[in-house]
Amino acid sequence: MRLLRLALAFTAILAVTVPASAQDKSIIVASTTSTENSGLFKYLLPIFKEKTGIDVKVVALGTGQALDVGRRGDADVVFVHAKPLEEKFVADGEGVARYEVMYNDFVVIGPKSDPAKIAGSKDVLEAFKKIAAAKASFISRGDKSGTHVAELKYWKEADIDPETGKGSWYKEIGQGMGAALNTASSSNSYVLSDRGTWISFKNRGDLKIVVEGDKRLFNQYGVMLVNPVKHPNVKKELGQTFIDWLVSPEGQKAIANYKIDGEQLFFPNATGKPST
Amino acid sequence: MHDLSHAFSLALQLAASGDPGLWQIVGLSLQVTLSAVAISTLLGLPVGALLALGRFPGRNALIVIFNAAMGLPPVVVGLVVYLLLSRSGPLGEFGILFTPKAMVIAQSILVFPIVTALSRQVIEDLWAEYSEQLRSLGSNAAKSIGTLLWDGRFSLVTVVLAGFGRAAAEVGAIIIVGGNIDGFTRTMTTAIALETSKGDLALALGLGFVLLMIVVLVNGAAWIARRAGERLAGA
Amino acid sequence: MMRAPTTSLPLVLDRVGFSAGGVEILHDLSLRIEPGAPTIILGPNGAGKSVLLRLCHGLLSPSGGSISAGNVAVSTERTALVFQRPVMLRRSVLANVAYGIVGKHARGRASALLERVGLSHLARRPARKLSGGEQQRVALARAWGRNPEILFLDEPTASLDPAATRAVEDIVGEIAAQGVKIVMATHDLGQARRLAGDVAFLHKGRLLEHTPAATFFDAPRTPQAAAFLRGELLT
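Sequence order for the protein chains is A, B and C.
Residues 1 to 276 in my numbering are what the first sequence spells out, letter by letter.
Residues 1 to 235 in my numbering are what the second sequence spells out, letter by letter.
Residues 1 to 235 in my numbering are what the third sequence spells out, letter by letter.
Since the hints were made in silico from the structure, they are not lab data.
Treat the hints loosely; a few may be bogus.
Here are the simulated distance ranges between beta carbons [what the hints assert, rightly or not]:
id : chain 1 : residue 1 : chain 2 : residue 2 : range
1  : C       : G21       : B       : R135      : 18 to 28 Å
2  : B       : I65       : A       : E50       : 23 to 33 Å
3  : A       : P274      : B       : V216      : 38 to 48 Å
4  : B       : G54       : C       : S75       : 28 to 38 Å
5  : A       : E87       : B       : G27       : 21 to 31 Å
6  : A       : K117      : B       : P73       : 41 to 51 Å
Simulated coverage check for chain B against chain C, where a stretch passes if three residues somewhere in it have a Cβ under 8 Å from a Cβ of chain C [to be verified]:
id : stretch
7  : 105-111
8  : 136-145
Footprint (simulated), chain B over chain C, 3 or more residues, beta carbon under 8 Å [unchecked claim]:
id : stretch
9  : 71-81
10 : 208-216
The C-beta atom is built at its ideal place from N, Cα and C for all residues, glycine as well.
Okay, chain A solo, but in the shape it has when bound (with noise of 0.2 Å):
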């Protein structure tokens, strides 16, 4: 009886670890969870597995706990929005270079109502402005994301204090971009989304999209390589290879290719050299 709960035991610790093989060609891509929502990876990578036999594992976090899994050299590759935050990360020397890749633009969404009166508009200042002016009630993701310090950016460069509405029309969840839509959808608010999410977001209710256009709504991705001389472990040569391809015109084309409903949700715009 003892033997025979010991040899389950054993070949339940090596069923577990036969597939963690150490020698496949295989890197980690900290990215964020609104790109992986998205489904942007699972149309890019099988290509690139294609042509190079590497296996991309994404690990979809926040910005900033994409960035600090870097910082750890828990991952090989960086690939997140938040370009400040990612030079900060190459000027600290956690990465190597900073390569743009593509962008795609935030959408503000908002009820048909639309109580504010900001529908058509190509400028999401004065936009904000009118929301505040309104009250009409807002949904923030509240949780640091991209899209939220986009958001936070928005309101001081429109000069408003969102705080002064919180509690009334200003609503933080602390969650993410999908769980964001859903609460606008059931209370008809408006609320700052990417374009991707939005596109494959099912559950809309009585929301479109009241402003679009303006260039101060552009999210630029960059992607980095977690510095080798840190972090020994980091696959120099294999994430160096995503990096390329995501770059070179097969990447970039690739990228443009990807559509829901025949919309395309990211716009590439690499100049196949570093950005700093």
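Dock chains B and C against chain A, hints included.
Chains B and C in isolation, oriented as in the chain A frame:
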């Protein structure tokens, strides 16, 4: 209500579709959970027995600690294991972070105290009934422990099932140490968390129903095994 | 030069005392148990009969005084004890009898013993499903299998009906006939009369009389013994 019934039919469709992605996730969930339960049981039953029968200084403190550890918050365990296994941490050189192994480790830490604390109680109660008779029949400590574990097997199977339940339901620890990597460390529960965050609540609920079905199946199998065991419990 | 063979008899208690939880249960008890016919320990409830048997069997240690067993140590290896309520292990009747039998042919010997107590037809039955009388016979077979020099019995038929009682007494008689010394506690006077070679009478933790059966029943020396025989001594 509409959401629930929609989710339920989605669950049935998913299960019937034979979608390889789904079965990969189910397979990984079972692999991680069963491994954690196996490790916890292998360690927890003997430790529980030793705690039940032994008399040594600090025994009462240990019992309290194990009882309390049944309520370890998974997300805290996940965070601690993450810091330990991170490349910047003490065990970083093994490169276990963001792999199924890390998930097994985190879940074992959660399940081990449950198996230990509950089996200790079962065995202690049984020992109260048995100790005089076993000693009279010349049974030494090792033989007695074996006898108690075997005689208490039905209650102990329930203890193991409690551990299984905890592991199967867990998400906070494994999402941190596993990274919820598509096709590699994504399990039922982490997939549900992901779909929820994406706002696809119907799919999340559907996956939830599939998970429930699997857990019920495992418990059903244990029940059948027990009935068969009872019928054979002559030998 | 022949060595004297090892033996547990005579069993000599010299001024033995036993306390538990601050209560003195046996006082200054001196008793000599010789090989030969069964010794019956008689006395009302609370007299200390159970504790006395456990001390002699080696399950308890005296708080005061000493016990010597022939030219060996007091131990559970050379003696056996049948409890008032036997503990049946969660396995078959045969497995219960075999438990405690050392050596390769344990099951064979267990089968033979089951035959002798008339329970061969129940060998494969789960022991816990047997009636009280049957369980007690299993306990007897199990104790017999230990090959004891002395068989202690603690009120073995107190909760049994007359037929079951008779069956138990018959088996005890057979064991005695094989040369095993019987030491049995009871408060059943009829049983005592049937089986006793000599009687040790306990009252409130003290040994008041130890005399041959005929002497005790016909001419008790102490007023308490006399009262007990008349059915007037309750505790």
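Here's how the hints hold up against the structure:
The supplied range of 18 to 28 Å is met by G21/C and R135/B, whose beta-carbon atoms lie about 20 Å from each other. A C-beta distance of roughly 52 Å is found between I65/B and E50/A, which places it outside the suggested range of 23 to 33 Å. Between P274/A and V216/B the C-beta distance comes to about 55 Å, which lies outside the given range of 38 to 48 Å. Evaluation of the 28 to 38 Å hint for G54/B and S75/C yields a failure: the beta carbon distance comes to about 22 Å.
Taken as a hint, the range 21 to 31 Å is violated for the pair E87/A and G27/B, whose Cβ atoms sit roughly 42 Å apart. Take K117/A and P73/B: their Cβ atoms lie about 47 Å apart, and the range 41 to 51 Å holds. Remark: the stretch 105-111 of chain B is not confirmed as covered by chain C, as 0 of its residues place a Cβ nearer than 8 Å to a Cβ of that chain, below the required three. By the rule of at least three residues with a Cβ nearer than 8 Å to a Cβ of chain C, the coverage given for the stretch 136-145 of chain B holds, with 4 such residues.
With 4 residues having a beta carbon nearer than 8 Å to a beta carbon of chain B, the stretch 71-81 of chain C meets the requirement of three or more and the stated coverage holds. Counting residues of the stretch 208-216 of chain C whose beta carbon lies closer than 8 Å to any beta carbon of chain B gives 0, which falls short of the minimum of three for the stated coverage.
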